[in-house]
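Chemist: Given next are the chains, with one letter for each unit.
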Amino acid sequence: MRVTVLVRPKEGILDPQGEAVETALEHLGFAVSGARVGKVVDLEVDAADEAEARTKVEQMCERLLANPLIESYEIELHG
Amino acid sequence: MYPGSNDDHDALWALAALDAEAVPVWHGEPELPELDAVVLPGGFSYGDYLRCGAIARFSPATAAVRDFAEAGGLVLGICNGFQVLCEAGLLPGALLRNESLQFICRDVRLTVERDDLPFTARCTRGQRLVIPVKHGDGRWFAPPDLVAELEANRQIVLRYAEPCNGSVDDVAGVCNARGNVLGLMPHPEHAVDPLLGSADGALILAALVDAARDRTLRTVLP
Chain A
41 MRVTVLVRPK
51 EGILDPQGEA
61 VETALEHLGF
71 AVSGARVGKV
81 VDLEVDAADE
91 AEARTKVEQM
101 CERLLANPLI
111 ESYEIELHG
Chain B
462 MYPGSNDDHD
472 ALWALAALDA
482 EAVPVWHGEP
492 ELPELDAVVL
502 PGGFSYGDYL
512 RCGAIARFSP
522 ATAAVRDFAE
532 AGGLVLGICN
542 GFQVLCEAGL
552 LPGALLRNES
562 LQFICRDVRL
572 TVERDDLPFT
582 ARCTRGQRLV
592 IPVKHGDGRW
602 FAPPDLVAEL
612 EANRQIVLRY
622 AEPCNGSVDD
632 VAGVCNARGN
642 VLGLMPHPEH
652 AVDPLLGSAD
662 GALILAALVD
672 AARDRTLRTV
682 LP
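In the order they appear, the protein sequences are chains A and B.
Under my numbering, think of the first position of the first sequence as 41, with each following residue one higher.
Under my numbering, think of the first position of the second sequence as 462, with each following residue one higher.
For reference, chain B alone in the conformation it holds in the complex:
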């Protein structure tokens, strides 16, 4: 949680609804408690000053998240969390102002490109998910050579089924080469209950909870 995060409690609520024991970690914490996964929530960390995520990148907690990710820990960045991970160099590319210059707040259809990640194990390749976006700076960009490299490494995990914000190749979510860090602009934590229009976000969060739990069990029962 950074100063300016505003989806932190939604993420905590959604994870709790999926039977995970979610604990908030404040940005000033130089060390993480014992965790099986990290979720970086959406919002406007440090007012999005300079560039979205540019200042949160230097938070003590972000350094701890970097260590956690480098040790193979599961990290999910949602919206502003995705922007922070890109700025921190944990994920490829950058997120720019939407092509339309408008803040986009609506349900979008996504296509799952990979179902072999801890985050997408409950999905199938080609599956369509309905999850809301709400962002002004969600246009993912990478130069063509980097995009080609990411395609070759299968690091593009989610795409908008219809053009959304001007992202290169309609990219909505990317992972790192190792597959333990995922960032996406749509908000799965806002789509875990059919009452709110869609429960497709639960497929991603519950898969993360499964994977985190599996890792705990493996640690406990070698």
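This is chain A alone, in the form it adopts within the complex:
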């Protein structure tokens, strides 16, 4: 099963990369705010069904893909 994991800096954590991107976009003339920079991890997961895939990927996130102290994660299953 194809799975995408989105890892974001947790709300409230200073994200200087997001700020730099926001400033650069402003210099290009785009009016934006609240830019945050995270990571995307695409995976092919061996699982019988969606529930099993989600459980496995949650474990991956907790153990490696995200640091729960500073990052939140979101799992997207693509079937």
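Among the clues, some could well be false.
[Said to hold, decoys possible] Just so you have them, the derived chain B footprint on chain A, three or more residues with Cβ under 8 Å:
no.	region
1	52-60
2	99-111
[As the list claims (entries may be wrong)] For the chain B half of the interface with chain A, some residues (derived, Cβ under 10 Å), not all of them:
no.	residue
3	Arg512
4	Ala515
5	Ser561
6	Phe602
7	Ala603
[To be verified] Listed next, the in silico DSS-like pairs over lysine-lysine satisfying Cα-Cα at most 30 Å (straight line):
no.	chain 1	residue 1	chain 2	residue 2
8	A	Lys79	B	Lys595
9	A	Lys96	A	Lys79
10	A	Lys50	B	Lys595
11	A	Lys96	A	Lys50
12	A	Lys79	A	Lys50
Simulated from the structure, these hints should not be mistaken for lab results.
Just so you know, these numbers come straight off a predicted model, no measurement behind them.
All residues carry an ideal CB built from backbone N, CA and C; glycine is no exception.
For this one, chain A is given, so just place chain B on it according to the hints.
Modeler: Just chain B now, kept in the frame of chain A:
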């Protein structure tokens, strides 16, 4: 030593200069040789992929270091070594990209917050040390409740005397509750000879060597 460590030989050199018998241990080793202390060196273990220290945390040698620390062994993590110890849960907090987004490579002034640890026994509380930093991801972070807990337990060991990288409360080094594991972003191994600008780093490393030697003697002469 992890693939990507690059201050390992500096650490070996500095410890040897302080009359310690330092031996390199490769990351794939599931067991440590007989040691009195462990130093996790700086660098970019596993290319700093995903997060600094995130992958080194799963090295066989890191598991052995965990066992060593849990048995009360002295562990010092410098820069990337500090990041590995945080990722491994042996030290509190996490290290994030510098607030300025710039790689910072310069001497900084530090304030010693605790002088009753094996790592700081040659310092006095409030003493200023000059030790270089060189990092892009050195902004120590912990949520306010964790910071309060660490303050109460006196686990904040070193602070930047002037703001450096955006660390919460200017924290430069923290220890575990038991006081046998210390991590710091500055590089004491780069400051053991006045010829290189400062020998203040030797105060930390020599204190570690003293403590390690003391432990050996206690084992030999009960």
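Chemist: Under the criterion of a CB-CB separation shorter than 10 Å, is Ser561(B) in contact with chain A as hinted?
Modeler: holds (7 Å)
Chemist: Checking hints one by one. Is Ala515(B) an interface residue toward chain A, by the C-beta closer than 10 Å rule?
Modeler: This interface hint holds because 6 Å falls under the 10 Å limit.
Chemist: Given the hint that Lys79(A) pairs with Lys50(A), test it: the Cα-Cα distance must not exceed 30 Å.
Modeler: OK: Lys79(A) and Lys50(A) at ~12 Å, within 30 Å.
Chemist: Just to be careful, I want the Cα atoms of Lys96(A) and Lys50(A) compared with a cutoff of 30 Å; is the pair within it?
Modeler: holds (22 Å)
Chemist: Can you confirm whether the C-alpha distance between Lys96(A) and Lys79(A) stays at or below 30 Å?
Modeler: Judged against 30 Å, a Cα distance of about 19 Å means the pair holds.
Chemist: Under the criterion that the straight-line Cα-Cα distance not exceed 30 Å, is the pair Lys50(A), Lys595(B) satisfied?
Modeler: holds (26 Å)
Chemist: Tell me whether the statement that chain B covers the region 52-60 of chain A is true, taking a Cβ distance below 8 Å and needing three residues at minimum.
Modeler: Coverage by chain B holds here, the residue count being 5 at a Cβ distance below 8 Å.
Chemist: Arg512(B) was flagged as interface toward chain A. Is the shortest Cβ-Cβ separation under 10 Å?
Modeler: Nearest chain A Cβ about 6 Å off; hint holds.
Chemist: Lys79(A) and Lys595(B) were given as a pair; does the straight-line alpha-carbon distance stay at or below 30 Å?
Modeler: Satisfied, since the Cα-Cα distance of roughly 25 Å is no more than 30 Å.
Chemist: Close enough to count: is the Cβ of Phe602(B) nearer than 10 Å to one in chain A?
Modeler: holds (6 Å)
Chemist: Tell me whether the statement that chain B covers the region 99-111 of chain A is true, taking a Cβ distance below 8 Å and needing three residues at minimum.
Modeler: Answer holds; 5 residues pass the 8 Å Cβ test.
Chemist: For the hint on Ala603(B), does the least C-beta distance to chain A fall short of 10 Å?
Modeler: holds (7 Å)
Every hint, counting from the list given before, is met by this structure.
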